[in-house]
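Place chain B on chain A using the hints.
There are 2 protein chains.
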Amino acid sequence: MQNFEFYNPVNIVFGQGQIRKLGKLVPNDTKIMLAYGGGSIFKNGVYDQVKAALPGYHLIEFGGIEPNPHYETLMKAVEIVKTEKIGFILAVGGGSVLDGVKFIAAAALWVGEDPWEFLTNRSLTVTRAIPIGSIITLPATGSEMNGNSVVTRLSTQEKLAFNADAVLPVFSILDPTTVFSLPEKQVANGVVDAFVHVIEQYLTYPVNSPIQDRFAESILVTLVEEGPKVLANRTDYDSAANFMWAATMALNGLIGAGVPQDWATHTIGHELTAFYNIDHARTLAIVLPGIMQVKRESKQEKLLQFGERVWGIKAGTSDERIDATIARTVAFFESVGIPTKLSAYNIGSDFIKVVCDRFIQRGIKGIGERGDLTVPQIAEVLTLQL
Amino acid sequence: MQNFEFYNPVNIVFGQGQIRKLGKLVPNDTKIMLAYGGGSIFKNGVYDQVKAALPGYHLIEFGGIEPNPHYETLMKAVEIVKTEKIGFILAVGGGSVLDGVKFIAAAALWVGEDPWEFLTNRSLTVTRAIPIGSIITLPATGSEMNGNSVVTRLSTQEKLAFNADAVLPVFSILDPTTVFSLPEKQVANGVVDAFVHVIEQYLTYPVNSPIQDRFAESILVTLVEEGPKVLANRTDYDSAANFMWAATMALNGLIGAGVPQDWATHTIGHELTAFYNIDHARTLAIVLPGIMQVKRESKQEKLLQFGERVWGIKAGTSDERIDATIARTVAFFESVGIPTKLSAYNIGSDFIKVVCDRFIQRGIKGIGERGDLTVPQIAEVLTLQL
Numbered sequence: 126m127q128n129f130e131f132y133n134p135v136n137i138v139f140g141q142g143q144i145r146k147l148g149k150l151v152p153n154d155t156k157i158m159l160a161y162g163g164g165s166i167f168k169n170g171v172y173d174q175v176k177a178a179l180p181g182y183h184l185i186e187f188g189g190i191e192p193n194p195h196y197e198t199l200m201k202a203v204e205i206v207k208t209e210k211i212g213f214i215l216a217v218g219g220g221s222v223l224d225g226v227k228f229i230a231a232a233a234l235w236v237g238e239d240p241w242e243f244l245t246n247r248s249l250t251v252t253r254a255i256p257i258g259s260i261i262t263l264p265a266t267g268s269e270m271n272g273n274s275v276v277t278r279l280s281t282q283e284k285l286a287f288n289a290d291a292v293l294p295v296f297s298i299l300d301p302t303t304v305f306s307l308p309e310k311q312v313a314n315g316v317v318d319a320f321v322h323v324i325e326q327y328l329t330y331p332v333n334s335p336i337q338d339r340f341a342e343s344i345l346v347t348l349v350e351e352g353p354k355v356l357a358n359r360t361d362y363d364s365a366a367n368f369m370w371a372a373t374m375a376l377n378g379l380i381g382a383g384v385p386q387d388w389a390t391h392t393i394g395h396e397l398t399a400f401y402n403i404d405h406a407r408t409l410a411i412v413l414p415g416i417m418q419v420k421r422e423s424k425q426e427k428l429l430q431f432g433e434r435v436w437g438i439k440a441g442t443s444d445e446r447i448d449a450t451i452a453r454t455v456a457f458f459e460s461v462g463i464p465t466k467l468s469a470y471n472i473g474s475d476f477i478k479v480v481c482d483r484f485i486q487r488g489i490k491g492i493g494e495r496g497d498l499t500v501p502q503i504a505e506v507l508t509l510q511l
Numbered sequence: 126m127q128n129f130e131f132y133n134p135v136n137i138v139f140g141q142g143q144i145r146k147l148g149k150l151v152p153n154d155t156k157i158m159l160a161y162g163g164g165s166i167f168k169n170g171v172y173d174q175v176k177a178a179l180p181g182y183h184l185i186e187f188g189g190i191e192p193n194p195h196y197e198t199l200m201k202a203v204e205i206v207k208t209e210k211i212g213f214i215l216a217v218g219g220g221s222v223l224d225g226v227k228f229i230a231a232a233a234l235w236v237g238e239d240p241w242e243f244l245t246n247r248s249l250t251v252t253r254a255i256p257i258g259s260i261i262t263l264p265a266t267g268s269e270m271n272g273n274s275v276v277t278r279l280s281t282q283e284k285l286a287f288n289a290d291a292v293l294p295v296f297s298i299l300d301p302t303t304v305f306s307l308p309e310k311q312v313a314n315g316v317v318d319a320f321v322h323v324i325e326q327y328l329t330y331p332v333n334s335p336i337q338d339r340f341a342e343s344i345l346v347t348l349v350e351e352g353p354k355v356l357a358n359r360t361d362y363d364s365a366a367n368f369m370w371a372a373t374m375a376l377n378g379l380i381g382a383g384v385p386q387d388w389a390t391h392t393i394g395h396e397l398t399a400f401y402n403i404d405h406a407r408t409l410a411i412v413l414p415g416i417m418q419v420k421r422e423s424k425q426e427k428l429l430q431f432g433e434r435v436w437g438i439k440a441g442t443s444d445e446r447i448d449a450t451i452a453r454t455v456a457f458f459e460s461v462g463i464p465t466k467l468s469a470y471n472i473g474s475d476f477i478k479v480v481c482d483r484f485i486q487r488g489i490k491g492i493g494e495r496g497d498l499t500v501p502q503i504a505e506v507l508t509l510q511l
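Protein chains in written order, with the numbering used here: chain A, 126 to 511; chain B, 126 to 511.
So that you can see chain A by itself, here it is in the shape it has in the complex (with noise of 0.2 angstroms):
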């Protein structure tokens, strides 16, 4: 195991009726401002939940934030948190919108020039944030109960992510029903998410961590089993609260805590969302299956376990088995109806030359748990996922 500090005082308030302690958790003697998205909270009920639960109190509402949250919306609300001086801010929605709300919160106390500049320069870090609490309505990021946002910015097609204790939520409630009124494509796309960023912590190399691999083996075989009842009848209490809590555990530092972490899956596929606006789990169903064919012989020995323990492939060679897990990976995210090539998002091999540029040019040597993954062998895993 490897040394580590582990730090997570968020506090989860989880079930079915817990909006309902919203008053107790948000100050009372502040501005507040409401953050949401596209406004499905106003369809599945929970907007009036929040009202509900905040009788008096002065709520400020900033709707609008979009999947893969714009710079330049969020912006505007940094105008208004600076404004009206705002002291809370709650997001109200799915990992979009909190990741949103944490570069909100973050940029309205920026003293730099401009707040961009934290999610570009990593030498800068983010110490002071407006405090944050969210209702999280869509299982997939783990933003709930992590330091980690994403924004997006339209004028340069850049998607650059930042990571601060600051801006750890308060407080975040997951209620499992918010679940029963969402998308299957929505569903769909918090397994594959949740199940990638297992991945990312996990299929590494081993380094002797028993309790981080099982747990990591715990919430992937969770998600497998889960993430198609919850496709197949949205409204089954159990299946939503199991996929929910899997996928908090899934990004909450816990299980990468001690070991190795890949990420690289995540670096290439921002860029597909970047260039071609495609949703983010999308462009990890991508590009794993991709990296877990280049990069077989130094993930072999987890890549033999992840078979194993997940898939329960345990006959054949070594080269048959790591075969049959690809297949396997491949094959369950297909089977939640998500692509795994890009030409079933009419992307071609154009985009390729497009990606490795832009690689070069931030003068990326490699990616990956060894800093291996070098930029011709992007090219290779895009190739082989054309």
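Be a bit skeptical, because a hint or two may be false.
The list makes no distinction among identical chains, and a pair is therefore deemed to hold if it is satisfied within one copy or across any two copies.
Result set (EDC-like, lysine to aspartate or glutamate): computed pairs, CA atoms no more than 20 angstroms apart in a straight line [said to hold, decoys possible]: (1) K201 <-> E242; (2) K427 <-> D363; (3) K201 <-> D497; (4) K478 <-> D444; (5) K168 <-> E191; (6) K427 <-> D239; (7) K146 <-> D290; (8) K156 <-> E204.
Don't read these hints as lab results, they were simulated from the structure.
Below, chain B alone, put in the same frame as chain A:
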């Protein structure tokens, strides 16, 4: 899954050499009580590392906190904390030292009659405490990442617990090399203690909670694998680290969130310690097999799951599998050198009436996950373990 809240803000700093970071974690603008036990920290070098990491800090030492820390001892520390106006307490040692420090921290700010009342009177809650940090040197209790404390009062032969967010450590440093110098008996106790902590939150009845179940099984399997390795080779760093992290994860609230919990084994075990001063873990090893036997019907589904997933028991009728599961658990405890019968500790049947009378006196009708382990059944449990 049941509704739950999960809040655990302890900053975990894990790994070899991490005691060096103490200066960044402990405040330097207040008097610090450095609390420890019987002096093992002088032998294993931890005391010297602590002193080296805190040059110029105002440290006031309080040593001699005993296993199953005594109210009588701790109240002496409370007086010092008050007189010296101590602003931070650093616990260095095992779970008993840290449990003791939690009591000291809460008692020093208690405004009621006698701090003992927040152990005896369940309607009283600890809401304020002197901030605490810990360096845990014995993987066992999980006290480093929870708000639990158990204190023994000699004058009344009582061993009672309290729990409060206010006594959650601000940070806990876990350096696996502290395991290298532990005596065999303490390692064995730690393995069994952590194992039974998991069991108390797992071996109840199913509520469709696959993440919690699999995490629990992950910890149990890891303890079964790593415990004997640590016993066989105390300086195997990886095994020590895995054992240490398993013990922390066994009782930090995570696996118990959203599921029923038992704790009957602990409730009965505490009486064995209170009356006979038997090591805490040993009392658990005595009581648990009796409870598995007496509650084999109401625990049937989880007993079968436990047997299959942890011990690999798949063949036979349900009754045969449960018999094998209990036998395998007993064999594991015995294999690490911990006897599971009262006779091995020279305790006869007289004890049973003493314990049962106390439960009756406290007005206890039943304990366990359904509150239906009655006093006559407690007698049955103990009779089985004579």
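Hint check, failures only: Numbers 3, 4, 6 - these are the hints that the structure violates, sorted from lowest upward.
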